[in-house]
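Engineer: Residue numbers (numbering that gives the first Met the number 0), protein chains in the order written: chain A, 0 to 356; chain B, 0 to 359.
No lab work stands behind these hints, which were simulated from the structure alone.
C-beta: ideal position from N, C-alpha, C; glycine also.
Be aware that one or more of the hints could be misleading.
[Said to hold, decoys possible] No more than 30 Å apart at the CA atoms, straight line, and that leaves these computed lysine-lysine pairs for DSSO-like:
#, chain 1, residue 1, chain 2, residue 2
1, A, LYS24, B, LYS171
2, B, LYS171, A, LYS118
3, B, LYS38, A, LYS46
4, A, LYS182, A, LYS321
5, A, LYS174, A, LYS118
[Said to hold, decoys possible] Derived, one-sided and incomplete: chain A residues facing chain B with beta-carbon distance under 10 Å:
#, residue
6, GLY70
7, ALA85
8, VAL184
9, TRP185
10, TYR187
11, TYR346
12, VAL347
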Amino acid sequence: MKFTSLLASAAIALGLATSAFAQDKTKVGFVYVGPVGDGGWTYEHDKGRQAVEQHFGDKVETVFVESVPEGPDAERVMTQMALEGADLIFTTSFGYMDPTINVAKKFPDVKFEHATGYKTADNVSVYSARFYEGRAVQGHIAGKMTESNIIGYIGSYPIPEVIRGINSAYVHAKKVNPDVEFKIVWAYTWFDPAKEADAATVLIEQGADVILQHTDSTAPQAAAQEAGNVITFGQASDMSEYAPMPRVSSIIDNWAPYYIARTQAVMDGSWSTTNTWDGIGPGMVEIGEISDAVPADVKEEALAMKDAIADGSYHPFTGPLKKQDGSDWLADGETADDGTLAGMNFYVEGLEGEIPQ
Amino acid sequence: MIVLEKRPQPSRAWSFATPLVAVLATMVFGGVLFAVLGKNPVEAIGTIFWEPLFGEFAFYYRPQLLVKGAPLVLIAIGLSLGFRAGIWNIGAEGQYIMGAIFGAAAGLAFYPLEAWYIFPVMVFAGALGGWVWAMIPAILKVRFGTNEILVSLMLVYVAEQILASVSLGLLKNPEGFGFPGSRNLQSYPSAYNSELITGSGMHWGVVAAFVAVIFAYVLLNRHLLGFHIRLTGEAPRAARFAGVNPARLILFCLGTSGVLAGLAGMFEVSGPSGVVSIDFNVGYGFTAIIVAFLGRLHPLGIMLAGFLMALTYIGGEIAQSQLGLPAAAIQVFQGMLLFFLLAFDLLTNYRIRAARSEVA
């Protein structure tokens, strides 16, 4: 047993050595959970990859594998990239967390960057964006614009990232419209146009005239367009093909600056383990153009909120706020700390229903 | 004019040849597809079939073929028994999920105790989970004559919901910061289905797959029950006269395929995957249907087909990252395989003839 394990590691080391000799470019790998043409999450990561290629030109080579299931398949794809000489690998979905850590252990010289997770190592950094900041702006617009006072929300998985978004949107919708009610549907998928369209249709049938989505396809946009008089927001990507109606604005994930910076760090040898969580301020989260379907005063307020979040004068989770069960969360003027936000597993007061357990 | 003429007896030669012809046709038409996408077809096909076996990093990919192929073979062997008798279990994916949930739950119930008996208990629980899930369509069919295709398929979606539920609740890692997914069984030595020889890819699931192949072969060729299965599929009336009890056969075939699918799920969750998570299942249960037919429902054929399928998966990933082929093209390529197989299957039962002389 010992001997064979020695043999295996020797073989892997050999593989590494040979590929290290062969390369003069920095090789950057990307593992995607969806197809690059999803028009949302993966599409934006791939735009980040293209930006890296454009920025560094001949000095980098990028490779990617799309639609990789989260689990052993992801582990194999990452191993394959590392074997083929990747210096830096971005793994762009939460479910790649354990596979990333496993593969990183086997390849101490390769740097890994895992999106939206929480496990780091000597050669594993994590990064994510403060999408909830964008949700606050969406919530404001949604609360102002709804006439039925019912806002539909398509959740992907009940994980902290998604729950944060729901809370943030709800708090800000409620602030401008006390009668507002959220209806939440869990799709249990990041990308499944058919399921997403079904969810949107169900919500619209229940009276929702605003659809917020935390899934990656444009199917809900199409469903809203068909129904008419329903507004939506682009998710992860601008989805501007649905502007000005139903898509009235969007949250855009802009990974390009981060990907370029991290690739540069690998080239310089200055790469170190980091835990990045950037929002509107540093430009990782962008608010897509607010269309003319939104009244001018609402648009102005929304932009003012965006600026306030960007310069740090306003935090989307500022007290007084209570949890759903009525217990106190944030006192007047208090802002949420990152630890609580990172593991958020409760609804704020006023939201109905339970987080699936 | 060309007409199809039914053969008096299925052609033995063609029943062996169709899988090979189908693979060749897939290569040719897949090559055309890749060429249309602007890739060198020879290079693409070469990458898919050659690279995992004999490429620079074959030392890593060859064991991965076992890891990827074993659950396919294990499930397909179970399915093939039923398929031969005309009992259609389409819900292996659900049985696979339930096996994983039962197996992982049994292991995690002991956490953090370390003991030799934990893994065997998990194996039993995994088999039980798959069996229970397959017994639902089996009993409904026997008692009420429901259609096992629909019931077993629908139960896949039920199983997926249960999987989501336990990932978020019952089996959620208490140290996971509120994120869904169970503890990682890979870091729980008593429950970890580790490689038996490091770097070989051989875990207990691979062993189980080989054992299943042998048992299925013996069962079908040397045992009365196997004879009944084949007889029921080939000549249902004759089977009835021969005293085959259809209810027992249904329970046996669905039960066995459930047990094997459950085992596959259990070995996967305790080994390569490690965690029960919402996205745990990646379609092995459905792909195994292709594998079963590609292997002509014959145990040895299934073994070869399972590894061929694993090869296209792993080679497909390599082709994606090396040549930039889109994932969808690889999926079309895999789909072609089944399509051509079914198409050429026609030649087993029919022959093609020029009809002109006969018309006159």
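Engineer: If a hint holds in the structure, say so; if it doesn't, say that too.
Structural biologist: Going through the hints against the structure:
no., hint, verdict
1, A:LYS24 x B:LYS171, "violated, 42 Å"
2, B:LYS171 x A:LYS118, "holds, 17 Å"
3, B:LYS38 x A:LYS46, "holds, 22 Å"
4, A:LYS182 x A:LYS321, "holds, 19 Å"
5, A:LYS174 x A:LYS118, "violated, 35 Å"
6, GLY70, "holds, 5 Å"
7, ALA85, "holds, 9 Å"
8, VAL184, "violated, 13 Å"
9, TRP185, "holds, 8 Å"
10, TYR187, "holds, 5 Å"
11, TYR346, "violated, 13 Å"
12, VAL347, "violated, 15 Å"
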